[in-house]
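Enquirer: Given the structure of chain A, go ahead and fit chains B, C and D onto it with the hints provided.
Take a look at the letters that make up each chain.
Number of protein chains: 4
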Amino acid sequence: MRSGRRWRRSGDPFVSDARVIVAGASGFAGALAASLVHRHPRLELAAATARTDAGERLDRLYPRYRVPVELTELDPDRAGDFDAAIVAYPHGAAAEIVSRLVQDGVPVVDVSADFRLHDQAVYEETYGDHGASELLGEAVYGLTELHRDQVRGARLVANPGCYPTAAILALAPLAEAGLVGEVVISAASGVSGAGRVAGDRFHFVSVDENFTPYGVEGHRHRPEIVQELEELGNVGAVTFVPHLVPLDQGLMASCFVAPRRAVDAEELRRLYAERYDGEAFVEMVDEPPGVREVRDTNLCRIHVAVDGPTGRAMAFAAIDNLWKGAAGQAIQNLNLMLGFDETEGLV
Amino acid sequence: MRSGRRWRRSGDPFVSDARVIVAGASGFAGALAASLVHRHPRLELAAATARTDAGERLDRLYPRYRVPVELTELDPDRAGDFDAAIVAYPHGAAAEIVSRLVQDGVPVVDVSADFRLHDQAVYEETYGDHGASELLGEAVYGLTELHRDQVRGARLVANPGCYPTAAILALAPLAEAGLVGEVVISAASGVSGAGRVAGDRFHFVSVDENFTPYGVEGHRHRPEIVQELEELGNVGAVTFVPHLVPLDQGLMASCFVAPRRAVDAEELRRLYAERYDGEAFVEMVDEPPGVREVRDTNLCRIHVAVDGPTGRAMAFAAIDNLWKGAAGQAIQNLNLMLGFDETEGLV
Amino acid sequence: MRSGRRWRRSGDPFVSDARVIVAGASGFAGALAASLVHRHPRLELAAATARTDAGERLDRLYPRYRVPVELTELDPDRAGDFDAAIVAYPHGAAAEIVSRLVQDGVPVVDVSADFRLHDQAVYEETYGDHGASELLGEAVYGLTELHRDQVRGARLVANPGCYPTAAILALAPLAEAGLVGEVVISAASGVSGAGRVAGDRFHFVSVDENFTPYGVEGHRHRPEIVQELEELGNVGAVTFVPHLVPLDQGLMASCFVAPRRAVDAEELRRLYAERYDGEAFVEMVDEPPGVREVRDTNLCRIHVAVDGPTGRAMAFAAIDNLWKGAAGQAIQNLNLMLGFDETEGLV
Amino acid sequence: MRSGRRWRRSGDPFVSDARVIVAGASGFAGALAASLVHRHPRLELAAATARTDAGERLDRLYPRYRVPVELTELDPDRAGDFDAAIVAYPHGAAAEIVSRLVQDGVPVVDVSADFRLHDQAVYEETYGDHGASELLGEAVYGLTELHRDQVRGARLVANPGCYPTAAILALAPLAEAGLVGEVVISAASGVSGAGRVAGDRFHFVSVDENFTPYGVEGHRHRPEIVQELEELGNVGAVTFVPHLVPLDQGLMASCFVAPRRAVDAEELRRLYAERYDGEAFVEMVDEPPGVREVRDTNLCRIHVAVDGPTGRAMAFAAIDNLWKGAAGQAIQNLNLMLGFDETEGLV
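Chains as they are written, first to last, in the numbering used here: chain A, 41 to 387; chain B, 41 to 387; chain C, 41 to 387; chain D, 41 to 387.
Take these hints with a grain of salt, some might be off.
Away from chain A, derived, C-beta distances all over 10 Å, residues of chain C [claimed, not checked]: (1) R97; (2) G177; (3) G218.
If the Cβ cut is set under 7 Å, some of the chain A residues that face chain D in the computed set are [unchecked claim]: (4) R46; (5) R49; (6) S50; (7) D381; (8) E384; (9) G385.
FYI, nobody ran anything at the bench for these hints, they're computed from the structure. Every residue gets a Cβ at the ideal spot worked out from N, C-alpha and C, and that includes glycine.
Extracted from the complex, chain A is given alone in its bound form (with noise of 0.2 Å):
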């Protein structure tokens, strides 16, 4: 048992190792990511910051958190008070001030859409322009599980998006080893990966007894998964579809991939319980997951079987979208960063 799996001594001192800036905190990704800021052993919440909110306190915004301080407007000249930042902007928004904190030195971590995308043709088709092209390059895709050694080294990591995290977590071992063929990924989120968003979509009327399709003809998350499967391995055509479910958090991808040659469910199993031992926060479980029992964790927790009358592999990989698909993820980016254990915080 390990020990980081226990709250500190009510009686022990706290002496914090980095001031850690959360811009953009009264969104629900925020205002998550200031309080695991705020409750980690080694980072103190130095700022958390909002465009629209500054002035309210975050406690009164998101009582559950029970961060205790007040949201203020960003001060672009303080970056100097800071040793890291995590920026939850919404995307297109992000670039201008992300771009600003690295210049000045700050770490960050992104959990916007800006800097997820290496190539700026897909990212203007996708998401219009740039504000920041030129940090394209050297923004690490924060998948954790996938690129932990430039995370380490990185100035800016760009977190991923939630179903991306999913689905990729997902169909990687398949991926590495050349087995993806053409690939189906039907998933599905709660209300809070929309964001805080007003408006009838996410009324609770609106969802609740409701179950739907949405971004058919084209999810903007699409190329995201795309660009990380396609560095992994070659890979078949890939479709994605989300629906949205009446529930608050949890993220479920089911995906259904046509293998290059055939597998059966022993070697499959063999396959992603080696990719993913060590992994603190990848877990192999043997019947498909719900998501509510990875709910206020960091956990991806991944089922795969065989389809038997077809061959298909089939991997389901359910996450809590605020924790592992944003602000988990973000904090697990920046323990690497910061040099630190990649679980403090958060388990």
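Expert: Positioned in the frame of chain A, the structure of chains B, C and D alone reads:
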């Protein structure tokens, strides 16, 4: 605007055209079937029976349906009292009573799985021994939109499973056009689809805030889907995986097809529009439907699209698993068997 | 078994007895009212108007209701085209159009709060200025079970609020018997009760897994409850506090009364049974009702009990806030105003 | 900012100060208690036992808690192996084992109802025969904020019920001030409060979209509430009615008090602020709390107000029924019994 969409005036007299027994009326599908018979403009609910809840009032078990009758035990010698029967027993338990009723000349819609599969070997592999296999050849598979003419003259209709109903309706136009290559069906259902079963698995705390794939080693609805698609045309390998969603009524079949030749969205939409033109209960829609849209209706709403990067044809079909997926379709079939308008009592 | 509980036969001709306009049909209550008119055996939905969603189709906003009409802008000069009107505007916004319609001779059921309070001073203290106070004296408070005779002859019926409907029905028999001393009403409603309002408060993530008292400083439904109870008899001090429940439709009023003299459960049950004998929409039940039992019905289910240790009389009333608490009761009232059977189109 | 709010650093050594057995660890409260011991900075989970699930792994039954131990059968002769015990059996089943452990010198927190009532007659009227009534006089009622000093020296602490915890905390300051006249407590709890019980009543489909009063003929938590309030001061007649809410964890006690003399909101707020000043787990808040705010915490959040028209004092207390209402408070008490800081392992 069809007049059938309206309630009868309160003073108008009611004369029943057929006396119907609903056997197994204490389960979710049976109770709804009893309620639909009770409100039907041409049917009389002559008996509602239950194997374990006899003596209990139906409006106590299911207050919302407001059917003021007492559940009784089934008396097989009373077959002569009924003009038709709906049997809603669990699979395996239905064969005997269905067989008896049919022999006694009572037209039956069987909501169980017992007569859905034409091939006895496939049945026994999927469900175990069959108690009345001599009727397998005669039973009509009651997906009304596919087998309407046969249903009209049938003595025994095997009402389809909930997943097959949505999946087959989603794929039939493509299958009839010979376009279905490899297929992945990723489906999701609310909890009522599992029936009125006790135990940890469907306890509120197990389902709430959860989303789980299940039956990944082979769900028993797969052979039913394959049987029907193959009757329509040559189809590729079919993978089918369901998921459990935290809601009570609603089912989505998300279908991903590698087409035998390239199709574009326009052709796809035209194909489906033509095939389902004039169907009262199948609606083609411009956006992916949510299951909430069809809750408490006998509708199947379908959206089709083509996945740009891969050319896959996609069809998303939403139904209420208790209505079009069970009791509603049972009434739809019974209407045809009795010579009524198919929509009677359903719109 | 009443024939009114059945659907009309599909071939039967339909001749409308009254052309009805529903103004404000894009809100939750207005949309349901439009749908109830649309299926009513004697009414025709002659127009469905909206202030902000004109041009939008009603079956796109509310697919489940299946009302195939386009929302239009209200044309006050077309009053002559309608035999009756249901106005479902927010409070404050209804007075003007209601006044205009009444002057033009169109009988109106106003679902807003604008004409519920007889005393202008109480209205203005609760809601602000009144735009048509000259009608306050004429408007009939449309809790049908209390004011049936007045509703029959009314030009303007003020449809009750959702909480008052349940609370007053729960307390009326006691109040009429002069037994109501001190009262605490602890109520709870699903989210649709708040109307189709955007913003953080009714976002799925705010409501999910939550339960919250609100309006504790004084909810505007309290004066309405007090007005009606005091008309029935001398009542003690009334406290009313509502709570928000994570469900869409359903409302419970749990009422705790210090009786003016000792009553036992038997007397209480007899009192209520007699009072509500023959009422189509009030049902006395042996156990506390759940709101799910009355979902999508115009029913109010009431359970009464006496708290042994204290002698308090308790009444628990469950309704669907959108039906008996709004649109259903509007139809019930309209039926009476137009000389139809009160249950027409509702059972 | 207290350092106790942070996780232990991953490299720090862990030496347990006390070996704890959790008996009944397969139920909802017991499983959470085991998880809290497992993460506690000073405790070691020396055994987790279950009466019916022995042999099952705890992290299979409750994946989210991530406690990697196997449930065993309780061996009463091993008492010497443990420094303390938490017993989470159903009421009636706990008395015998609790008695045995206490005799063997093991300090016990009993989460069942068996030792909460001081008066044997009241216990037997409420729950039936008592198996170890000789300990009723010694057991300390473990509402920590009321009986902290007694808990410190106790051999046996009877952990309060979930409803009494919230209700008593909501009313204690008023009761101590002698201000509590007539009281109505209208409470509501999520489904986990009923324990891990199978059957129709807690099936997802029964609870979903429902809200139901229950126990209106006399809930067994009432005597517990009365016992404690009467110890604090002279109180009027207490009515207590709970409701079931469609959520998993969360409990609200809405309390309505006729004060013995007039109080205003200002006095009320001051009274509560003073009474709970310095309490780690009781927070006074400016607006009515939602149960979601305290989910997965040991907090009780209380809002007080005065109902203007009636002068009633109102207190609304929100807790997580599994934490402060069960397992969290058990740890809080155990901390005191073992001489630790009360908040250890809970913040």
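Enquirer: Okay, which hints does this one fail, numbers in order?
Expert: Hints that this structure does not satisfy do not exist here, as all of them hold.
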